[in-house]
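4 protein chains.
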Amino acid sequence: MTFAGAKGSVGTTVGASHPHLAGLPAGRLMMTEMDPDAVAAAADLVFSALPNGTSAGLAPTILDAGAPVIDLAGDFRLSAESYPAWYGFEHPTPAWLDEAVYGLPELFRERAPGAKLVANPGCFATAAILSCAPILAAGLAEPGPVRVDGKTGVSGAGRAALESTSFGATEDSIRPYRFPAHQHTPEIERGIELATGHVVKALFVPHLVPAVRGVVTTSYLAAAPGVSTERLTDCLAAAYEGEPFVRVLAPGAMVDAKRARGTNVIELQAVADGRTGTAVVVGALDNLVKGAAGQAIQNANLVLGIAEATALPTTAVYP
Amino acid sequence: MTFAGAKGSVGTTVGASHPHLAGLPAGRLMMTEMDPDAVAAAADLVFSALPNGTSAGLAPTILDAGAPVIDLAGDFRLSAESYPAWYGFEHPTPAWLDEAVYGLPELFRERAPGAKLVANPGCFATAAILSCAPILAAGLAEPGPVRVDGKTGVSGAGRAALESTSFGATEDSIRPYRFPAHQHTPEIERGIELATGHVVKALFVPHLVPAVRGVVTTSYLAAAPGVSTERLTDCLAAAYEGEPFVRVLAPGAMVDAKRARGTNVIELQAVADGRTGTAVVVGALDNLVKGAAGQAIQNANLVLGIAEATALPTTAVYP
Amino acid sequence: MTFAGAKGSVGTTVGASHPHLAGLPAGRLMMTEMDPDAVAAAADLVFSALPNGTSAGLAPTILDAGAPVIDLAGDFRLSAESYPAWYGFEHPTPAWLDEAVYGLPELFRERAPGAKLVANPGCFATAAILSCAPILAAGLAEPGPVRVDGKTGVSGAGRAALESTSFGATEDSIRPYRFPAHQHTPEIERGIELATGHVVKALFVPHLVPAVRGVVTTSYLAAAPGVSTERLTDCLAAAYEGEPFVRVLAPGAMVDAKRARGTNVIELQAVADGRTGTAVVVGALDNLVKGAAGQAIQNANLVLGIAEATALPTTAVYP
Amino acid sequence: MTFAGAKGSVGTTVGASHPHLAGLPAGRLMMTEMDPDAVAAAADLVFSALPNGTSAGLAPTILDAGAPVIDLAGDFRLSAESYPAWYGFEHPTPAWLDEAVYGLPELFRERAPGAKLVANPGCFATAAILSCAPILAAGLAEPGPVRVDGKTGVSGAGRAALESTSFGATEDSIRPYRFPAHQHTPEIERGIELATGHVVKALFVPHLVPAVRGVVTTSYLAAAPGVSTERLTDCLAAAYEGEPFVRVLAPGAMVDAKRARGTNVIELQAVADGRTGTAVVVGALDNLVKGAAGQAIQNANLVLGIAEATALPTTAVYP
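Chains as they are written, first to last, in numbering that gives the first Met the number 0: chain Y, 0 to 318; chain U, 0 to 318; chain S, 0 to 318; chain H, 0 to 318.
Chain Y extracted, bound-state conformation (with noise of 0.2 Å):
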């Protein structure tokens, strides 16, 4: 790491800011203003993760001065027209959008080798889209209403301090938030369609439950007549087969998001329910690392030319 940028902790170090980075030497490094031309000038490549709407406006610069960007908020994972209905804001750099690689590596790949600005998937929209996207590219369900019911960990919420996300307010607390116009929304149908061709609406229901990492998608699809559990796990096994970062479960096993905790890792399974035709697929993965910071690392990898499973963990930190 060569250059962190920052705002209200410039002047500090990332140690200072995050004590258990203390001793690696990222953790030694000062925090600066952003400068886009000093980060462009440091960096074979930069790792953007401002709030949502800040991007759309500062990494085309950093593009502009020559480094390649991983972005980490939603502002170039839409097309243009989503933005004000979903984010709430008029996207300034709209050209930036057709450039921007959606970095799904799983369905994806061939994109990333080279690609300029990386649009790194939501951690539900990660677990949504590998999810469904086989079944319904095999036909193995209808192009009809996707209904994603979600479950996270307070950590996607990120590190500031809210009452919602307290403690005191968390344990024993299971509750839904944001639906149905969480932003992953578009995303979830826009993924859909970018590796399938089908044009599906969904339907996304977030819900928070007393953990720290872990997001868990349950995701709702009309099966197509005469459908079994074995043929939609055969369908995702087939898709996902040689991937390292996917685990498809046997028929009757269960994901879990702890056992995907810490590491680059989506688990799952699939059910189909022939009593009222549906196909329930199940994904698992921890929202910080495959739904965040260890995806932006896989598509770094992609980017640069680097071996793709590199320096990302497949073991869970257990229990």
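These are computed hints drawn from the structure, not numbers from a lab.
Fair warning: there could be bad hints in the mix.
Claimed, not checked - Computed list of lysine-lysine pairs in DSS-like fashion (alpha-carbon distance at most 30 Å, straight line):
| id | chain 1 | residue 1 | chain 2 | residue 2 |
| --- | --- | --- | --- | --- |
| 1 | U | 115 | U | 6 |
| 2 | S | 200 | H | 200 |
| 3 | Y | 200 | U | 115 |
| 4 | Y | 6 | Y | 115 |
Starting from the known structure of chain Y, arrange chains U, S and H on it as the hints suggest.
Just chains U, S and H now, kept in the frame of chain Y:
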């Protein structure tokens, strides 16, 4: 309390087995072998909290001895033909199934006074049926598949020591379990049919989250054309007007299992999603109170002609 | 409840700010600016739960207006000379310090009836003083240094959103804080002196653990020669005989903060360690009840001449 | 890994029993009955993680067959005469007790290379001995009673399903256990004697808190006259200068078990309390890493002549 039956703990007091109850009169009660005649002689009403499959044989002997029974197991909640498939046993006393009142007072209150046998509903079924029945009855959703996504704390699994509900296996774990074969599935179907006359198929996908108490069900129904969040909310509010234990939230407000903790209250919220034609109803309750013991007391109050809300808290232990 | 003073939340109801109270009569009360005369006119007794340092100025104006005050801050617990060093302010109304009754009913009950001003004790101080006073008074330990190791859940830090008590920073975190300068140190010393006449020096080392409610203090005293676990236990049992809110455990039994959760009970256990000449007394309580609001009600009951145990639960919400 | 011995799980793979390891080469290893000769033939070094009392009989048979053993039980940590009182058995192979190296590398590193048998220290003992030994060796505290207050997550109790460590019994529970008879008491005494020559008596009071991983020990020593926090800190810093796994915090900074989670690091902080003449040293580590398996690897590295820090993380999984 006049009698406490037990198996493994015979010869110890209730308070020795449950130290937090040691200070109550009931805590000093010695636990003894079940004896239907002794129980019926000692009690005006019997709460039966036996494992599924045990109650079906035992409750009738108490009933024959003359005491009404509130059964907390699943043994009297379904019709006879459902037991082999969903519970794995042939029902031994099917005649009592017709006699049993399904104890969801908000929907079936008038059948409780003087009832001999009350089938106390399951925690998930309580939440899902109270969520869906008014909407289906009013025609605001089609009587098609009812998809219920459940989240629960571990106390629903009982007190027995299991590796799967140990603290180590539960912290930061989010995982589905026992679906699509969970035994609350037919109970949801039957409860909806009893309340609305509609024969529906249900899919129920429960998930374990790192909480002790708390159940949230998120029910997905096919909305009737043009239905709005307001109409769904009004429908629920009208259905449960004056109910001491149902809190229907205003549009936009979100339920929270923590606000129901330690109480006999269920919180309900409804959202219409026009994009996918879905009516979503979310219910939150404390699985040990409204989802079990509290509702049992509510039913006992009704059976015995005591004021229905007696001894049932409505203010949560929060935080 | 007839009056609810506030600062940031003026103009909203108690129930809007604390949704779990929305259903209570108090929940419908509108919060207004503090007005000592209005409060005193409206109330038979005032609970003051202001930040440390604010109460010292405000409570006397209410007292002058004629209403007795139970103060939950630390502002009337010490002698005047302690405030600069331990609380960082010069006490503005030192005359009231002599008037104030230290509200630990089990030790100072006789001073409460009719009192004008009660200093409601701190959570840790309550546990430590009730643990040590009888042992020191009986001469079973030397009046030398009292070393108190405290463990607490996060709710003691209040409801304000802090990064340090966020769910993310708290899960799996065990850490000491603010020692040796914690302001409960002189309170422990003073409480012991008031109760036993012994002037002792205390060391208090609090630790935060991943719980919401719960305080455990482990107090280490220099045992008098030959003292046994049984003698320590008998001493505590005799001191607290008949007390409705003190549970002295038999030798070998271990206290548990969870068994006190939601109650006004403190559990106490004592152990003599002959090898090191130590008398260990462990106390466990709910910091929000016996450690704060519950004890305040207990004091209010005494001040007003109501039966002392009124409205104070003794059975835990468990599990 | 070349051999995995088991008892109940013979015939299944390591990965089947520990699903998060399924993807590793070790995960595919079949577990077989313990056979000392087979183990010794297959392995350069054997990690023995058997219940206390089993290892004492089995480890010598492996040693006789020619492989060095790192023993994670308590069976080779004490002198022979301590076993009946603290572990409840007569030691069957006392000759090996003299041979065994107490595996605390920061204090006894020079004895490990080429050792046949290493007694891997207990988690609490590791924290307490590393906390106290330098202070006592330097004469900054008197070699009088060492009082150690411990706090731990539940994983120290192992993986077996126990009601006491279920999620239901652990959430919001804070409680002491098994004191003053905990078997780490004599281990702390012996480790301090080995390191400093001082014969001291220890009192150890462990407490369970609602965490999975994490141990904090707060050690109370009688400070030598005039000792300051700075001198205590300097003493620790000098003693552990250059140690890759010890982090001595500056005066005023507070240790946090969470910052050590998933790492082989121990954090230490010291405070002198002049008012009570106490030197307080607080240590925090991950009981499964520096407190068990990580330190075992550290010892194995030393025994085999591999670089000591190989395969041992120092950056926490945080949050």
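The hints, checked one at a time:
Using a Cα cut-off of 30 Å, the hinted pair residue 115 (chain U) and residue 6 (chain U) holds, with the two alpha carbons roughly 25 Å apart. For the given pair, residue 200 (chain S) sits about 23 Å from residue 200 (chain H) by alpha-carbon distance, which is consistent with the 30 Å threshold. Of the supplied pair hints, the one linking residue 200 (chain Y) and residue 115 (chain U) is violated, its CA atoms being roughly 50 Å apart against a limit of 30 Å. Annotation: proposed proximity of residue 6 (chain Y) to residue 115 (chain Y) holds, straight-line Cα distance about 25 Å (limit 30 Å).
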